[in-house]
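Since the structure of chain A is provided, determine the placement of chain B on it from the hints.
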Amino acid sequence: MPESNDDRVLTFAAAINEATEQAMAADPTVLCIGLGATDPGGVFGTTKGLVEKFGSSRVFDGPTSENAMTGIAVGAALAGLKPVMTHQRLDFFLLAMDQLINSAAKWHYMFGGQFQVPLTIRLVIGRGWGQGPTHSQNLQAWFAHIPGLKVVVPSSPVDAKQLLLASIHDPNPVLFLEHRWLHNIADHVPVEATPAQLGKARLARIGDDLTIVASGYLTLEAIRAVDYLSTRGVACDVLDLRTLHPLDWPAVHASASKTGRLLVLDSGALTGSISGEIVARVASEQFSELRSPPRRLAQPDIPEPTSLGLIQGFHVRSQQIASEALDIMGLSLADVAEHLVAPEPADAPGDWFRGPF
Amino acid sequence: MTTAESSTDQRLLASMLRIRMVEQTIADRYSEQEMRCPVHLSIGQEAPAAAMSLVAEPADYAVSTHRGHAHYLAKGGDLSRMIAEIYGKVGGCSRGRGGSMHLADPSVGFMGTSAIVGNSIPVGVGLGMALQIKAQPNVSFVFLGDGATEEGVFYESANFAALRKLPVIFMCENNQYSVYSNLEERQPASRRIVEVARALGVPALEVDGNDARASHVTVANVVAQTRAGAGPALIEFETHRLREHCGPNWDDELGYRKPGELASWLKRDPIKALLDSGTFDPEWIESTTADIRTEIDAAFRFAKNSPYPDPAELAEDVYA
Numbered sequence: 001m002p003e004s005n006d007d008r009v010l011t012f013a014a015a016i017n018e019a020t021e022q023a024m025a026a027d028p029t030v031l032c033i034g035l036g037a038t039d040p041g042g043v044f045g046t047t048k049g050l051v052e053k054f055g056s057s058r059v060f061d062g063p064t065s066e067n068a069m070t071g072i073a074v075g076a077a078l079a080g081l082k083p084v085m086t087h088q089r090l091d092f093f094l095l096a097m098d099q100l101i102n103s104a105a106k107w108h109y110m111f112g113g114q115f116q117v118p119l120t121i122r123l124v125i126g127r128g129w130g131q132g133p134t135h136s137q138n139l140q141a142w143f144a145h146i147p148g149l150k151v152v153v154p155s156s157p158v159d160a161k162q163l164l165l166a167s168i169h170d171p172n173p174v175l176f177l178e179h180r181w182l183h184n185i186a187d188h189v190p191v192e193a194t195p196a197q198l199g200k201a202r203l204a205r206i207g208d209d210l211t212i213v214a215s216g217y218l219t220l221e222a223i224r225a226v227d228y229l230s231t232r233g234v235a236c237d238v239l240d241l242r243t244l245h246p247l248d249w250p251a252v253h254a255s256a257s258k259t260g261r262l263l264v265l266d267s268g269a270l271t272g273s274i275s276g277e278i279v280a281r282v283a284s285e286q287f288s289e290l291r292s293p294p295r296r297l298a299q300p301d302i303p304e305p306t307s308l309g310l311i312q313g314f315h316v317r318s319q320q321i322a323s324e325a326l327d328i329m330g331l332s333l334a335d336v337a338e339h340l341v342a343p344e345p346a347d348a349p350g351d352w353f354r355g356p357f
Numbered sequence: 358m359t360t361a362e363s364s365t366d367q368r369l370l371a372s373m374l375r376i377r378m379v380e381q382t383i384a385d386r387y388s389e390q391e392m393r394c395p396v397h398l399s400i401g402q403e404a405p406a407a408a409m410s411l412v413a414e415p416a417d418y419a420v421s422t423h424r425g426h427a428h429y430l431a432k433g434g435d436l437s438r439m440i441a442e443i444y445g446k447v448g449g450c451s452r453g454r455g456g457s458m459h460l461a462d463p464s465v466g467f468m469g470t471s472a473i474v475g476n477s478i479p480v481g482v483g484l485g486m487a488l489q490i491k492a493q494p495n496v497s498f499v500f501l502g503d504g505a506t507e508e509g510v511f512y513e514s515a516n517f518a519a520l521r522k523l524p525v526i527f528m529c530e531n532n533q534y535s536v537y538s539n540l541e542e543r544q545p546a547s548r549r550i551v552e553v554a555r556a557l558g559v560p561a562l563e564v565d566g567n568d569a570r571a572s573h574v575t576v577a578n579v580v581a582q583t584r585a586g587a588g589p590a591l592i593e594f595e596t597h598r599l600r601e602h603c604g605p606n607w608d609d610e611l612g613y614r615k616p617g618e619l620a621s622w623l624k625r626d627p628i629k630a631l632l633d634s635g636t637f638d639p640e641w642i643e644s645t646t647a648d649i650r651t652e653i654d655a656a657f658r659f660a661k662n663s664p665y666p667d668p669a670e671l672a673e674d675v676y677a
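Heads up: the protein sequence lines correspond to chains A and B, in order. When you line the first sequence up against our numbering, it's residues 1 to 357, in that order. When you line the second sequence up against our numbering, it's residues 358 to 677, in that order.
In isolation and in its complexed conformation, chain A is listed as follows (with noise of 0.2 Å):
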């Protein structure tokens, strides 16, 4: 009996390759741009078999010039074409700021609204395994400091899949970051390319206690945490945000306003990170509403370091999480780690994450 499209598994690296695949097949302007997009490792699998199947004048690698191709891009989404590009790094994309920011940003803007820039850049971002302090960082919230930029943060298949739909058709630049840890994951995705609506979380569980506000991989700790505290009589609200910029923030609000309790998971540095973002307009806004004060996890303020005898605690993971949330309930801690046991070693998802990048 053939799968049905419900019952059909791909991970979240092939949910991107397919979503690519099937919006270059339906729209001809749908460019494929990136160091690596042509090799035989095809970005983690994102790229595999593109350009066999749509040549090289719509699918190629590229030289090793971030700000020039992010330019070149701009440039031929100005002219009607929509290129998605890949960075096998976020780091890397810091060469292309000024074409990012002086040039994808405000070209709609600053030209009174008669170009639009359908551009859609794919940063893979990590954590662990050795990445160290030039291959980890999770610069999101400096992207969605930008007006005019959409920032797309993705933590299942089937959302890489139909996130990615949604940024490719959106006719305003969009980053969109892919977590390293996540690619190898795989769920149901469904056949048909229906893109998501940016801008809207998405409720990955649902209780009255406490609300956790997560995005990207931290969602799936989020979710190992929750799990666990269900079983200690603690109901949380999972709330994956899923897009950046623009934020859903009426999501927020409801569940910051239904549960009165606020932990909010960030992936990146603790200053000036979305989770102050997060924090600061629940307060001002609906402090009344809160039975405790909100709380954050972030990364310390520290760059990443390399060594394993550095890592250990410095990420956020689904132990601290729950711990967090059962002393915001006031509860005892007492078999947390008995019950969410950290990876070993502390620097990959699983041990199936076997490296080298």
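Please note that the accuracy of each hint is not assured.
Straight-line C-alpha distance at most 30 Å; calculated DSSO-like pairs for lysine-lysine [unchecked claim]:
| # | chain 1 | residue 1 | chain 2 | residue 2 |
| --- | --- | --- | --- | --- |
| 1 | B | K522 | B | K491 |
| 2 | A | K53 | B | K491 |
| 3 | A | K48 | B | K491 |
| 4 | B | K522 | A | K53 |
| 5 | B | K522 | A | K48 |
Just the calculated beta-carbon pair ranges, DEER-fashion [to be verified]:
| # | chain 1 | residue 1 | chain 2 | residue 2 | range |
| --- | --- | --- | --- | --- | --- |
| 6 | A | G272 | B | S621 | 46 to 56 Å |
| 7 | A | S292 | B | C394 | 27 to 37 Å |
| 8 | B | A587 | A | V9 | 44 to 54 Å |
| 9 | B | P664 | A | R291 | 49 to 59 Å |
| 10 | B | N539 | A | P293 | 37 to 47 Å |
Calculated Cβ distances over 12 Å to all of chain A for the following chain B residues [to be verified]:
| # | residue |
| --- | --- |
| 11 | M378 |
| 12 | A384 |
| 13 | E414 |
| 14 | R438 |
| 15 | R452 |
| 16 | H459 |
| 17 | H602 |
| 18 | D674 |
These are calculated hints, taken from the structure and not from any lab test. Note that beta-carbon positions come from the ideal geometry of N, C-alpha and C, so glycine has one too.
Below, chain B without anything else, positioned relative to chain A:
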């Protein structure tokens, strides 16, 4: 002189006169404090723009820099909307969001100017890439200055244009100065911008950028080759801005130019040079000048009469 040559001379002169008179009027009226944005005038640098104006088709693309008035006008941009933009009015070509440094008129392929040195170079290359992918027989003009050739993005963009044989013409106006810093302080004496471009795989030519005829012949030849599929090229125009880097005034009293340098360039004024070397009917010059004056007066009236954008429009167009 044949009729055709005479016609080309007239078109070059008319284009340069129009640009000069527009900018002269901006300079004359700047002290009224109604043009409330920085202006970077091209007075003395009109020839490369005029040369392009005779060759470019509306479906060709162009991008430019902070010093972009001449290029906008030469590509066919609407004068009234440019002046209104400098006045910050809603009738401006960017609805008051960009000012002098951010001009665009997509109806004639003028796709924008940027205030960041080198910023529009890759955008112009990307426009050329789109032409190639869509198999359109047009070219993309990328105006840049000598300072922009020092930005990494110039090397990256030229490399990619050469790699993909894109229909891109880099129009490098070498006026010797990046703000007040002479080329001598910025690049080794033995280096030529054209040689840098050639080393990157972009064929390059030098031309006297104050000689409108020579500039026109060079642009026409290069564009014809690029339209025929020869790929990108760079033209380096040796030229000079006669007014200050930013603003309506003269600035020779600052002493950053060598003694006598400005005077020597004033003698080589491109409009004067063409007038001296050609034969122009004084009546034609008079009527052409009068027509331009009428157009400029109307443009400034339009700008002054156009309202400021409604503050309620502030948040429009952040997203498409």
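Outcome of the hint check:
1. K522(B) with K491(B): Holds: K522(B) and K491(B) sit about 14 Å apart, inside 30 Å.
2. K53(A) with K491(B): The hint holds at about 18 Å.
3. K48(A) with K491(B): 24 Å, holds
4. K522(B) with K53(A): Distance of about 23 Å is within 30 Å: holds.
5. K522(B) with K48(A): Roughly 26 Å separates the two Cα atoms, so the pair holds.
6. G272(A) with S621(B): 46 to 56 Å: 53 Å, holds
7. S292(A) with C394(B): 27 to 37 Å: Given a distance of about 50 Å, which is not inside 27 to 37 Å, the answer is violated.
8. A587(B) with V9(A): 44 to 54 Å: Given range 44 to 54 Å: holds, Cβ gap about 51 Å.
9. P664(B) with R291(A): 49 to 59 Å: At roughly 51 Å between Cβ atoms, R291(A) and P664(B) fall inside 49 to 59 Å, so the hint holds.
10. N539(B) with P293(A): 37 to 47 Å: 60 Å, violated
11. M378: Given a closest Cβ separation of 26 Å, the condition holds.
12. A384: 24 Å, holds
13. E414: Consistent with the label, E414(B) stays out of reach of chain A, its closest Cβ about 15 Å off (over 12 Å).
14. R438: Check fails; 10 Å does not lie beyond 12 Å.
15. R452: The claim is violated: R452(B) sits with its nearest Cβ about 3 Å from chain A, within 12 Å.
16. H459: 5 Å, violated
17. H602: The assertion about H602(B) holds, with a minimum of 20 Å to chain A.
18. D674: 4 Å, violated
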